[in-house]
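Visitor: Sequence:
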Amino acid sequence: MAVQPRPILHYFNLGSKGRGEVVRLFLRELGIDFEDKRYPYDDTWAAQSQVYQDQGLSITGKLPVLEIDGNILAQHIPILRYLARSRGGYDGSSKYDKWLVDAVSDIYIDWRAQWVANLSGNVPNYKTRVVPEFYRIFDSYYSKTDGPYLLGNTVSYVDFAVFQVLDNDAAVGAEPEHVPATLIALKKAVSERPNIKEYISARL
1 MAVQPRPILH
11 YFNLGSKGRG
21 EVVRLFLREL
31 GIDFEDKRYP
41 YDDTWAAQSQ
51 VYQDQGLSIT
61 GKLPVLEIDG
71 NILAQHIPIL
81 RYLARSRGGY
91 DGSSKYDKWL
101 VDAVSDIYID
111 WRAQWVANLS
121 GNVPNYKTRV
131 VPEFYRIFDS
141 YYSKTDGPYL
151 LGNTVSYVDF
161 AVFQVLDNDA
171 AVGAEPEHVP
181 ATLIALKKAV
191 SERPNIKEYI
201 SARL
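Just so you know, the sequence shown maps onto residues 1 to 204 in the working numbering.
Simulated from the structure, these hints should not be mistaken for laboratory data.
Note that this is a predicted model, so its numbers are computed, not measured.
Please note that a few of the clues may not be correct.
[Said to hold, decoys possible] Okay, the calculated beta carbon distance ranges per label pair:
(1) D139 / D33: 29 to 37 angstroms
(2) Q50 / Y96: 38 to 46 angstroms
(3) P176 / N71: 37 to 45 angstroms
(4) T145 / P194: 20 to 28 angstroms
(5) Q48 / G15: 16 to 24 angstroms
(6) Y96 / N122: 32 to 40 angstroms
[Stated by the list, open to error] Below, simulated DSS-like cross-link-like pairs (lysine-lysine); rule was C-alpha separation at most 25 angstroms, straight line:
(7) K17 / K197
(8) K62 / K37
(9) K188 / K127
(10) K187 / K127
(11) K188 / K17
(12) K17 / K127
(13) K187 / K144
(14) K17 / K187
(15) K188 / K144
(16) K17 / K62
(17) K37 / K17
(18) K187 / K197
(19) K98 / K144
(20) K197 / K37
Virtual Cβ for every residue (Gly too), placed ideally from N, Cα, C.
Could you build all of it, start to finish, from the sequences and the hints given here?
Guide: The following block contains the structure:
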């Protein structure tokens with residue numbers, strides 16, 4: 001049997017911030033050994049991006065990109081779905097659960113667009129209006145069960161994305177005065193998962 005090559009994650013060197021870190025967290029959760037290839041996010045990227053488009057590594061010229069199973073995968077939420085399906089889990093067992101996980105992942109994508117715009121100063125009320133509204137929406141979903149995860153006591157791929165919301169808002173000083181108890185419980189639960197706890201401890 002041929003040995004599968006080691007997966008390669010291509011992303012910027014942004015520490016814990018950014019969408020590539022969501023993929024990195026999920027790969028750690030799954031215990032997948034991978035090469036973590038990081039790039040400087042500076043004036044050199046435009047030229048490097050064009051090189052990767054020309055080579056077919058990134059059709060859009062954007063990252064993250066994950067090379068795995070002989071495939072080149074882009075778009076971080078679909079990458080999470082691919083990994084979840086590869087393991088036959090992490091996205092619920094019923095049609096409703098799968099819809100719920102996908103729906104909350106769409107809300108996460110909407111949040112991320114605002115978070116990125118805020119970094120450029122284009123959302124002046126991000127901390128006082130935008131963040132509380134998104135946290136209210138996330139809370140409305142997470143409060144439907146007693147467990148810390150969206151699906152109760154069963155973790156799904158979107159929990160790692162929402163964890164990234166909380167982590168990245170705190171990282172840029174945009175954490176609101178009030179964080180719903182459901183989201184505090186989620187952040188604690190994800191950060192204490194064995195593989196995640198070990199990774200977070202090592203990255204500090």
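Visitor: Each hint: holds or not?
Guide: Results for each hint:
For D139 and D33, the Cβ-Cβ distance of about 36 angstroms falls inside the hinted range of 29 to 37 angstroms, so the restraint holds. Between Q50 and Y96, the C-beta spacing of about 44 angstroms keeps the proposed range 38 to 46 angstroms intact. Judged by the Cβ atoms, the range 37 to 45 angstroms given for P176 and N71 holds: they are separated by roughly 39 angstroms. As the Cβ distance of T145 to P194 is approximately 22 angstroms, the hint placing it in 20 to 28 angstroms holds.
In this structure, Q48 and G15 meet the distance hint of 16 to 24 angstroms, their C-beta atoms being roughly 19 angstroms apart. Roughly 36 angstroms separates the CB atoms of Y96 and N122, a value that falls within the hinted 32 to 40 angstroms. Taking the CA atoms of K17 and K197, the gap is near 17 angstroms; set against the 25 angstroms cutoff, the hint holds. A threshold of 25 angstroms between alpha carbons decides the hint, and for K62 with K37 the separation of about 14 angstroms falls inside it, so the pair holds.
For the hint pairing K188 with K127, the CA-to-CA distance comes to about 22 angstroms; that is within 25 angstroms, so the pair holds. Pair hint K187 plus K127 holds up; C-alpha atoms about 19 angstroms apart against a cutoff of 25 angstroms. Between the alpha carbons of K188 and K17 the distance comes to roughly 18 angstroms, so the proposed pair stays at or under 25 angstroms and holds. The hinted pair formed by K17 and K127 meets the criterion: a straight-line CA distance of about 17 angstroms does not exceed 25 angstroms.
The hinted pair formed by K187 and K144 meets the criterion: a straight-line CA distance of about 17 angstroms does not exceed 25 angstroms. Under the criterion of a C-alpha separation no larger than 25 angstroms, the hint pairing K17 with K187 is consistent with the structure, at around 15 angstroms. This hinted pair checks out: K188 and K144 have alpha carbons roughly 18 angstroms apart, not beyond 25 angstroms. At roughly 16 angstroms between alpha-carbon atoms, K17 and K62 fall within 25 angstroms of each other, so this suggested pair holds.
Proposed proximity of K37 and K17 is supported: the alpha carbons are some 15 angstroms apart, at most 25 angstroms. Taken as a hint, the K187 and K197 pair is honoured in the structure, with Cα atoms around 11 angstroms apart against an allowance of 25 angstroms. Distance hint between K98 and K144 is fulfilled; the C-alpha atoms sit about 15 angstroms from each other, no more than 25 angstroms. With a C-alpha separation of about 21 angstroms, the suggested pairing of K197 with K37 holds against the 25 angstroms cut-off.
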